[in-house]
Amino acid sequence: MQQRIPVKQALAGGELTGGTITVMGWVRTNRAGKAVSFIELNDGSCLKGLQVVYTAESLSNYDEVSRVLTGACLSVTGQLAPSEGKGQSVELKAYTVQLVGDCDATFPLQKKRHSFEYLRTIAHLRPRTNTFGAVFRVRSVLAYAIHRFFNERGFVWVHTPIITGSDCEGAGEMFRVSTLSPTDPPRTEGGEVDWAQDFFGRQTNLTVSGQLSGEMFALALGNIYTFGPTFRAENSNTTRHASEFWMIEPEMAFHDLADNARLAQDFLQFIIRHVLDHCPEDMAFFDQWVKPGIVARLEALTTTPFETIPYTEAVRLLQQSGQAFQYPVSWGIDLQTEHERWLTETHVGRPVFVIDYPKEIKAFYMRQNDDGRTVAAMDLLVPGVGEIIGGSQREERHDRLLARINEMGLHEQDYWWYLESRRFGSAPHAGFGLGFERAIMYITGMENIRDVVPFPRTPDNCEF
RNA sequence: UCCUGAGUAGCUCAAUCGGUAGAGCGGGUGGCUGUUAACCACUAGGUUGGGGGUUCAAGUCCCUCCUCAGGAGCCA
Numbered sequence: 000m001q002q003r004i005p006v007k008q009a010l011a012g013g014e015l016t017g018g019t020i021t022v023m024g025w026v027r028t029n030r031a032g033k034a035v036s037f038i039e040l041n042d043g044s045c046l047k048g049l050q051v052v053y054t055a056e057s058l059s060n061y062d063e064v065s066r067v068l069t070g071a072c073l074s075v076t077g078q079l080a081p082s083e084g085k086g087q088s089v090e091l092k093a094y095t096v097q098l099v100g101d102c103d104a105t106f107p108l109q110k111k112r113h114s115f116e117y118l119r120t121i122a123h124l125r126p127r128t129n130t131f132g133a134v135f136r137v138r139s140v141l142a143y144a145i146h147r148f149f150n151e152r153g154f155v156w157v158h159t160p161i162i163t164g165s166d167c168e169g170a171g172e173m174f175r176v177s178t179l180s181p182t183d184p185p186r187t188e189g190g191e192v193d194w195a196q197d198f199f200g201r202q203t204n205l206t207v208s209g210q211l212s213g214e215m216f217a218l219a220l221g222n223i224y225t226f227g228p229t230f231r232a233e234n235s236n237t238t239r240h241a242s243e244f245w246m247i248e249p250e251m252a253f254h255d256l257a258d259n260a261r262l263a264q265d266f267l268q269f270i271i272r273h274v275l276d277h278c279p280e281d282m283a284f285f286d287q288w289v290k291p292g293i294v295a296r297l298e299a300l301t302t303t304p305f306e307t308i309p310y311t312e313a314v315r316l317l318q319q320s321g322q323a324f325q326y327p328v329s330w331g332i333d334l335q336t337e338h339e340r341w342l343t344e345t346h347v348g349r350p351v352f353v354i355d356y357p358k359e360i361k362a363f364y365m366r367q368n369d370d371g372r373t374v375a376a377m378d379l380l381v382p383g384v385g386e387i388i389g390g391s392q393r394e395e396r397h398d399r400l401l402a403r404i405n406e407m408g409l410h411e412q413d414y415w416w417y418l419e420s421r422r423f424g425s426a427p428h429a430g431f432g433l434g435f436e437r438a439i440m441y442i443t444g445m446e447n448i449r450d451v452v453p454f455p456r457t458p459d460n461c462e463f
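Going by numbering that gives the first Met the number 0, the letters in the first sequence line up with residues 0 to 463, in that order.
FYI, nobody ran anything at the bench for these hints, they're computed from the structure.
Bear in mind that the values here come from a model prediction, so they are computed numbers and not experimental data.
Built from N, CA and C at the ideal position, the CB exists for glycine as well.
Some clues are possibly wrong.
To be verified - Restraint ranges, calculated between C-beta atoms of paired labels, are given here:
(1) 150 to 178: 19 to 29 Å
(2) 309 to 155: 26 to 36 Å
(3) 111 to 198: 49 to 59 Å
What the hints assert, rightly or not - Straight-line distance between alpha carbons at most 25 Å, and here's what the computed DSS-like set of lysine-lysine pairs gives:
(4) 110 to 92
(5) 7 to 47
(6) 290 to 111
(7) 47 to 110
(8) 33 to 7
(9) 85 to 33
(10) 7 to 85
(11) 361 to 290
(12) 111 to 47
(13) 47 to 92
(14) 111 to 7
(15) 92 to 7
(16) 85 to 111
(17) 85 to 47
(18) 290 to 110
(19) 33 to 110
(20) 47 to 290
(21) 110 to 7
My request is simple: use the sequences and hints to build the entire structure.
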């Protein structure tokens with residue numbers, strides 16, 4: 000195709016000003032006047048569009064172009080010139096306008112604000128809106144920032160499997176992966192489905208976490224991280240749960256819980272700094288239209304240390320808060336959303352680590368503390384989103400780990416390779432999981448996870 | 001899965017005590033010497049989510065189903 004200049008580059012002007020360029024993109028608005036007419040053309044390279052100026056004299060197909068509606072795709076060649084109007088520094092004086100893809104009046108996106116709820120029903124078109132263009136540019140930049148953070152610190156990116164043979168990752172309901180007939184599967188003599196005849200010779204599922212695999216690599220390569228899709232078959236209907244989402248799980252050998260929290264803070268501060276520095280236009284948009292004050296809040300966050308509160312202390316604070324919680328607080332309970340919100344939004348007012356939870360409410364692999372009743376766990380709570388990071392120091396002592404597996408009624412044989420890592424040169428190590436979408440929500444101010452995923456999957460919804 | 005709320009024009013919404021379904025935007029037509037969510041005039045556009053019921057009369061009240069949203073639980 001003909002060489003095109005991205006709108007972002009055209010708007011920057013520079014050496015291009017005065018020259019002839021071609022831009023290709025989609026019409027946001029077409030204002031036809033008697034003497035001179037205007038089209039705002041957006042190609043997704045940035046938030047702003049390029050103003051195309053055209054007249055009856057300049058275009059052979061003026062009638063056609065003046066009737067073009069919002070949504071049409073155009074290729075415009077013209078002179079990039081300093082704007083004669085207000086509101087933009089440069090504009091494109093069109094020599095030729097080619098109608099690449101026409102768009103009729105039934106195009107669902109209009110020159111006005113739509114509800115996010117409505118836009119979810121047209122997920123195939125919503126990337127063409129300002130908000131979703133900005134969300135998905137930021138999503139991309141954030142993903143890059145994450146890789147850069149770890150890469151600069153010598154972490155190895157490990158591609159843990161998406162199909163897993165272990166039913167023991169313990170983080171929620173799983174989606175089954177099978178090639179057996181759903182209506183007539185092979186059966187054992189006892190009438191049960193004979194999974195031995197399934198594709199992998201056993202039951203398999205989509206992963207709910209790469210952590211256990213990640214630990215094996217941390218105990219070989221030192222510092223590693225995973226970054227990929229994760230699947231949970233929970234029937235969750237909330238603004239912060241999706242059935243398919245992406246997760247980042249660093250795992251570090253020779254790290255304890257304090258090292259873990261320090262890394263988590265450095266990590267969040269780094270990736271937020273990176274987005275603020277590289278997406279100023281999109282972030283200003285979120286600040287103006289989505290969540291006023293978000294930029295200032297993020298700026299402050301990148302320089303202020305996060306708070307750390309032990310669970311036992313958090314319980315005491317909640318009990319002394321004078322708040323009438325729906326769920327009463329006592330030592331041993333899992334903190335409810337209302338408690339977490341009070342801690343991070345009211346009490347601290349910024350991100351806070353809650354550490355050292357009772358072992359009964361946490362996973363088997365978390366390292367048992369010397370007090371005999373808590374484990375070296377940490378949850379990072381942030382205002383507006385809630386839990387954004389969950390992590391722990393892992394139990395590296397074979398006997399303690401085995402005891403805990405048995406105490407919790409789990410099957411030792413399901414964890415044979417995990418346990419072996421504690422027999423063959425075990426080492427202290429720690430890690431955490433960050434919900435990628437929750438990070439995007441926190442940074443953009445978008446309040447529903449369905450609006451930061453290109454085509455979200457949630458219970459009863461897999462359209463597109 | 002539980003609780004609450006909402007479905008009215010393509011979109012965003014209004015419609016008082018149950019009494020003739022409206023507006024803005026978008027579309028069409030015409031106008032306008034540089035517009036910026038352009039502006040001005042005219043115009044088309046409706047099985048009020050589906051089904052049933054009460055009533056002289058239902059967008060409005062009752063029953064039921066569907067869909068969506070928010071909250072809770074689970075978690076990231």
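Hints, one by one, checked against the model:
For residue 150 paired with residue 178, a C-beta distance near 37 Å fails the hint of 19 to 29 Å. The hinted window of 26 to 36 Å between residue 309 and residue 155 holds, with their beta carbons roughly 32 Å apart. The hint said 49 to 59 Å for the Cβ distance between residue 111 and residue 198, and at roughly 50 Å that hint holds. In summary, the hint linking residue 110 to residue 92 is supported, as the alpha carbons are separated by about 23 Å, within the 25 Å threshold.
At roughly 8 Å between alpha-carbon atoms, residue 7 and residue 47 fall within 25 Å of each other, so this suggested pair holds. A threshold of 25 Å between alpha carbons decides the hint, and for residue 290 with residue 111 the separation of about 19 Å falls inside it, so the pair holds. For the suggested pair residue 47 and residue 110, the alpha carbons sit about 14 Å apart, so the restraint of at most 25 Å is met. Restraint check: the Cα-Cα separation between residue 33 and residue 7 comes to about 29 Å, which exceeds 25 Å; the hinted pair is violated.
A hinted pair counts as satisfied when its Cα atoms are at most 25 Å apart, and residue 85 with residue 33 qualifies at roughly 19 Å. As the CA atoms of residue 7 and residue 85 are separated by approximately 19 Å, the hinted pair is consistent with the 25 Å bound. This hinted pair does not check out: residue 361 and residue 290 have alpha carbons roughly 34 Å apart, beyond 25 Å. A hinted pair counts as satisfied when its Cα atoms are at most 25 Å apart, and residue 111 with residue 47 qualifies at roughly 15 Å.
Simply put, residue 47 and residue 92 have alpha-carbon atoms about 17 Å apart, close enough for the 25 Å limit, and the pair holds. Pair hint residue 111 plus residue 7 holds up; C-alpha atoms about 23 Å apart against a cutoff of 25 Å. Proximity of residue 92 to residue 7 is assessed by CA-CA distance (about 17 Å); at most 25 Å being required, the pair is judged to hold. Taken as a hint, the residue 85 and residue 111 pair is honoured in the structure, with Cα atoms around 21 Å apart against an allowance of 25 Å.
A distance of roughly 15 Å separates the Cα atoms of residue 85 and residue 47; the hinted pair therefore holds under the 25 Å criterion. For the hint linking residue 290 to residue 110, the alpha-carbon distance of about 21 Å falls within 25 Å, and the restraint holds. Between residue 33 and residue 110, the direct Cα distance comes to roughly 22 Å. Compliance with the 25 Å bound is thereby established for this hinted pair. With a C-alpha separation of about 19 Å, the suggested pair residue 47 and residue 290 falls inside the 25 Å cut-off, and the hint holds.
Under the criterion of a C-alpha separation no larger than 25 Å, the hint pairing residue 110 with residue 7 is consistent with the structure, at around 21 Å.
When the structure is compared with the earlier hints, violations turn up for hints 1, 8 and 11 and for no others.
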